[in-house]
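Trainee: Chain residues, written in single-letter form:
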Amino acid sequence: MEIFHNLAFGFEHALTMQNLMFCAIGCVVGTLVGLLPGLGPLATISLLLPLTYSIPTTGALIMLAGIYYGAQYGDSVSAITMKIPHASSIVACIDGYQMTLKGKTGLALFTAGVSSFIGGTVAIVVLAALAPALGEVALMFGPADYAALMMFGFMCVSFVTTGSLLDGLAVCMLGVLLGQIGTDINSGVQRYTLNFASLVDGVGLVSVALGCFGIAEITKNLDEHSERTPFSGKIHLMPTWPEFKRIIPSALRGSAVGSFLGILPGGGPSIAQFAAYALDKKFSKYKDEIGHGAIEGVAGQAAADEAASRTSFIPLMSIGIPENAVMALMMGAFIIKGIQPGPNMIKEHAELFWGLVASMWVGNCFLLILNVPLVRYWLSVFKIPYNVLFPAILFFCCVGTYSVNNSLDDMFITATFGLMGYLMMRLGLEPAPLLLGFILGPMLEENFRRALLLSRGSFSIFVTRPISGTLFGLIALFIAWQVYSFVRDSKKRAAARKAPPPAEVPIPVAPE
Amino acid sequence: MNDRHLLKGLFLIAVSLAFGLGSFKYQMGHFERAGPGLFPLLVSSVLFLIGAAIVVRSYFDEKEPMYFNLKNIALILGSLVGFALASLYINMIVGILLLVFLSTVAGTSYSVWRNVKIAAVLIAIAFAFKDGLGLQLPLY
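Taken in sequence, the protein lines are chains A and B.
So for the first sequence, my numbering puts the first residue at 113; every next one is plus one.
So for the second sequence, my numbering puts the first residue at 23; every next one is plus one.
Hints listed in this document are in silico derivations from the structure and should not be mistaken for laboratory results.
Please read these numbers as outputs of a predicted model, since none were measured by experiment.
Ideal Cβ placement from N, Cα and C applies to all residues, glycine included.
Among the hints, a few may not be true.
Claimed, not checked - Result set (DSS-like, lysine-lysine): computed pairs, CA atoms no more than 27 Å apart in a straight line: (1) A:495 - B:139; (2) A:449 - B:152; (3) B:139 - B:152; (4) B:85 - A:332; (5) A:449 - A:459; (6) B:85 - A:603; (7) A:357 - A:214; (8) A:393 - A:214; (9) A:459 - A:397; (10) A:357 - A:394; (11) A:214 - A:394; (12) B:139 - B:93; (13) A:603 - A:214; (14) A:332 - A:495; (15) A:397 - A:214; (16) B:93 - A:332; (17) B:139 - A:332; (18) A:397 - A:357; (19) B:85 - A:604; (20) A:393 - A:357; (21) A:214 - A:399.
Said to hold, decoys possible - Cβ pair distances, simulated, as ranges: (22) A:489 - B:90: 34 to 44 Å; (23) A:489 - B:147: 17 to 27 Å; (24) A:597 - B:39: 22 to 32 Å.
What the hints assert, rightly or not - To give an idea of the interface, some chain A residues facing chain B are shown, with a C-beta separation under 10 Å as derived from the structure: (25) 128; (26) 130; (27) 286; (28) 328; (29) 353; (30) 355; (31) 506; (32) 511; (33) 513; (34) 521; (35) 530; (36) 534; (37) 564.
Excised from the complex, chain A in its bound form:
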């Protein structure tokens, strides 16, 4: 029973007074900031990242993980009560908001809280069992395999987050190019620094993240001129026993789906929610009610959301490759703290790894006993008008950027990325894959160069090795499928244009 031994070891580290405190602070602050309009998990983490600089490594990472699932929970709260999803809780809006309309807000929030707890617990068992095993596999990876895996990840993330392979890949490549700015580690040549001293060490992760997600998001909200009406209904949290019984099967289903989808490249909370919701719609005992405010519609997706957000740590910590933008940001935080995530991390920093795993469960408990009962107080955040809120968020963006290097020059870089993020948003390019490309870019270059060095300049190394060969095969298949479906669609469209237009065409709304 090695798992239990390891978990017990982890709890020893997670349950120290200091780490408990960091975990609690992370959960609370994450929930609070995650509730703010326009700040999803990505913006929340990058905004709060500088807070962790002065904290010891284990504590800092525990706190960051807490911020992450706190933000995730805050996000679902704003989705349920006001139908304001950020990036991650689109599904919670459907049945969650329907329940609010029926006056069952408390029940919906309780369901989301308990299901998240169940999902998180299942995912942690999966994480503890699978991560070390996968780490063993990762030790067989050569540079060519790593390069192939990263490109495969780009492909999956591009497709999943933007729905359009071309757009997503373009944004990934843009991120890779931005990652090139700075000193080349192999030759010592300064690339693309334009002779700015502040660019010699490369563009700061916090500048990119705050610019593309924080500042661009604020400007977008300002463009929309929308003032939100705060939620003012009553919240009655405790469910009846029959209601409680309905939560469990759905939450367990969601946990299983979420745990599985969280591990796959490009996977993560968003896609897991949709899958769990679809599954409940097919197999739940109350499937007819789903869509009109059913408990199952909230429970399944909340469990999947939480489970996937935990298991998405598996590829990061065992292979060292983040599988989505949030994990890329986490990896950046690990590296800032001097920890290189990957197969060696579990062995060399065992107390960190198992402490983090155990703290995730502790964070689960905090969310359940601290944040769920306090939810009505959290909601008062929404009473602050946006005209007051946004200068404050801007100020925190400034402090966050400044405190990385205590340098005001970094502010100009953040502002530049704010412009770029806004431009991309208006061009219809989703900026999330940029972060993945930015973090993985230098690693991709390193592995690419090393693979070619080993093969004496021959590209056959990428195809002949079993792991990288398989991955590139999958990539080729995927591209072929995309080209095929594009040709098919444009033929269909050409045919539709020739036919007389139907009376009412639903106007497609581009996802922002």
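Place chain B on chain A using the hints.
Mentor: Relative to chain A, chain B alone:
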């Protein structure tokens, strides 16, 4: 011309050219021993191809005008740059005042008295950061 898809493709092509042509300044080496310019050149070539594909695709897609509100983004970026310059040459308290009073012009309503209150709270928070968390903010 104001078509979002076309502009998207052109934007990507422009970025790829900026990085791709820039990479010729650095040593290329050859595949066996890649120089610092090789990888950026490869990546920008891929980006160029993607941009070109998006431009081509835009002729098949429905045209969609691009929305761009110059006023708000200019105000926000201006207030950020103003904050940095004021903090650099005067001090951060002036920077905070500038940030609050300039950025709120982009909001739905403007109130001097409200801005005074926001600025006061933010300055208090800044002092808390400096004295409580030990951040080295050049407040005065």
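Trainee: None of the hints should be skipped; say for each whether it holds.
Mentor: Hint check results:
1. A:495 - B:139: Judged against 27 Å, a Cα distance of about 16 Å means the pair holds.
2. A:449 - B:152: holds, 22 Å
3. B:139 - B:152: Within the cut-off at roughly 20 Å; holds.
4. B:85 - A:332: holds, 22 Å
5. A:449 - A:459: It holds: about 17 Å lies between the C-alpha atoms, which stays within 27 Å.
6. B:85 - A:603: Holds: residue 85 of chain B and residue 603 of chain A sit about 18 Å apart, inside 27 Å.
7. A:357 - A:214: The given pair, whose Cα atoms are some 20 Å apart, holds under the 27 Å limit.
8. A:393 - A:214: holds, 20 Å
9. A:459 - A:397: violated, 45 Å
10. A:357 - A:394: holds, 19 Å
11. A:214 - A:394: Judged against 27 Å, a Cα distance of about 24 Å means the pair holds.
12. B:139 - B:93: holds, 25 Å
13. A:603 - A:214: Outside the cut-off at roughly 45 Å; violated.
14. A:332 - A:495: holds, 20 Å
15. A:397 - A:214: holds, 21 Å
16. B:93 - A:332: The given pair, whose Cα atoms are some 12 Å apart, holds under the 27 Å limit.
17. B:139 - A:332: holds, 25 Å
18. A:397 - A:357: The hint holds at about 12 Å.
19. B:85 - A:604: holds, 18 Å
20. A:393 - A:357: holds, 18 Å
21. A:214 - A:399: holds, 18 Å
22. A:489 - B:90: 34 to 44 Å: holds, 39 Å
23. A:489 - B:147: 17 to 27 Å: holds, 20 Å
24. A:597 - B:39: 22 to 32 Å: holds, 30 Å
25. 128: Not OK, violated: residue 128 of chain A not within 10 Å of chain B, min 21 Å.
26. 130: violated, 16 Å
27. 286: This hint holds: residue 286 of chain A lies near chain B, its Cβ roughly 6 Å from the closest one there, short of 10 Å.
28. 328: holds, 8 Å
29. 353: violated, 46 Å
30. 355: violated, 41 Å
31. 506: holds, 6 Å
32. 511: The hint holds - residue 511 of chain A has a Cβ within 10 Å of chain B, the shortest such distance being about 6 Å.
33. 513: Given a least distance of 9 Å, the restraint on residue 513 of chain A holds.
34. 521: holds, 8 Å
35. 530: holds, 6 Å
36. 534: holds, 5 Å
37. 564: Hint holds; residue 564 of chain A Cβ to chain B Cβ min 5 Å, cut 10 Å.
In the structure shown, a violation is registered for the earlier hints numbered 9, 13, 25, 26, 29 and 30, in ascending order.
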